[in-house]
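Position one of the sequence shown corresponds to residue 0 (numbering that gives the first Met the number 0), numbered consecutively onward.
Calculated from the structure, these hints are not laboratory results.
A hint or two may mislead.
What the hints assert, rightly or not - Simulated restraints, written as ranges between beta carbons of each label pair:
#: 1; residue 1: GLU161; residue 2: ALA11; range: 14 to 24 Å
#: 2; residue 1: ARG176; residue 2: GLU61; range: 27 to 37 Å
#: 3; residue 1: THR169; residue 2: GLU61; range: 44 to 54 Å
None of the values given here were measured: they were computed from a predicted structure.
Where a beta carbon is used, it is the ideal one built from N, C-alpha and C, also for glycine.
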Amino acid sequence: MTRARPTFIQPASIVAILATTIPGVLQACSTVSAPRALVVVVSAAVATALAIPGLAWAEKREGNTALQVALAGYFVATTVALFASQGFGFLVAMPVVSVLVLYLPLSRAIVFAVAMLAFALAAIENPDARSHSALGIGSAFAFVVVFSLIARRERFARLEIERLSAELETLAATRERNRIAREFHDSVGHYLTVANVQLEAARATQLDREARIERVQGLLKDGLTELRRSVSMLRDTLPTAQPFAQALEALVNGSSGTLQITGEKRPLSGAVGFTLYRAAQEGLTNAQRHARARRIDVKLDYRSDSVRLEVCDDGQGTHGATGNGLAGVRERVELLGGTVTHGAGPTGGFVLSVEVPM
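My request is simple: use the sequences and hints to build the entire structure.
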């Protein structure tokens, strides 16, 4: 991502430029001769034009050429005004010092600021007045440099925060789209795939065509039910324990398993509930399809700062359940900062364990 260039010509900075330039011009005009006063007015007007509309236009241009030209012109015009005012209009130099610090790297800005300070002192023709003014003008320049440096860092920090916020929003939207796509793929994709196989088989042969069509109708109904359940659980509204508990109970009962809940029931967010539901679904599916289990136990344990789900069966132990299904479970759980373990149980069979922080 290309880093945007911060803009500094804003209403507050415009007021600051005018509030220092105008008094400087008035002070110079009340002190120097008429020809010098005319030069001061013209050069200050040019400097102001370069400082406000000039830099505002340069900020919108790509590259640094326009900005460098505007800064150079502003510096030169201000220097002319300083010498024409014989140092009495040193206030006109304050905005250019600030602008240099805002736009240029600090090392270059300091060099130009010191040069501007030298010009401001050199413009004072009376040596005694120059000596007496050096400390005051130097202190004023130092204050402007420090203040402008703070403003520059604050503006860059704000710009960086805006950039990171935009990246986080994009990342969050992408992750949410991926999550929804993954859940719909897992929930509906299975039913549609099996239904498609049954339809192709029914088209290829007359044998059991009616039974296959009925099977497809049943699969589509189950898929529609699963889709509605997925949409319901994807809604991350106010957390509630009821939809997850009902869905998990229906899932376990439909798989001829047993459900045991321990601990104090507490509300779960949609993301946590949906992740646990998918983990239970994967564990039950593996136990039925691969392990040839006769008994499946699902345990849900509400702990102090997490919730733990276990799916245990008495089947054939490690039954090739390390494929895409469990990989998807692990991905979902890790996104929530949880852990997944699976393997042979202490007395045989297979155990899938998922723990997610609340």
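We went through each hint and held it up to the structure:
no.	hint	verdict
1	GLU161 x ALA11: 14 to 24 Å	19 Å, holds
2	ARG176 x GLU61: 27 to 37 Å	32 Å, holds
3	THR169 x GLU61: 44 to 54 Å	23 Å, violated
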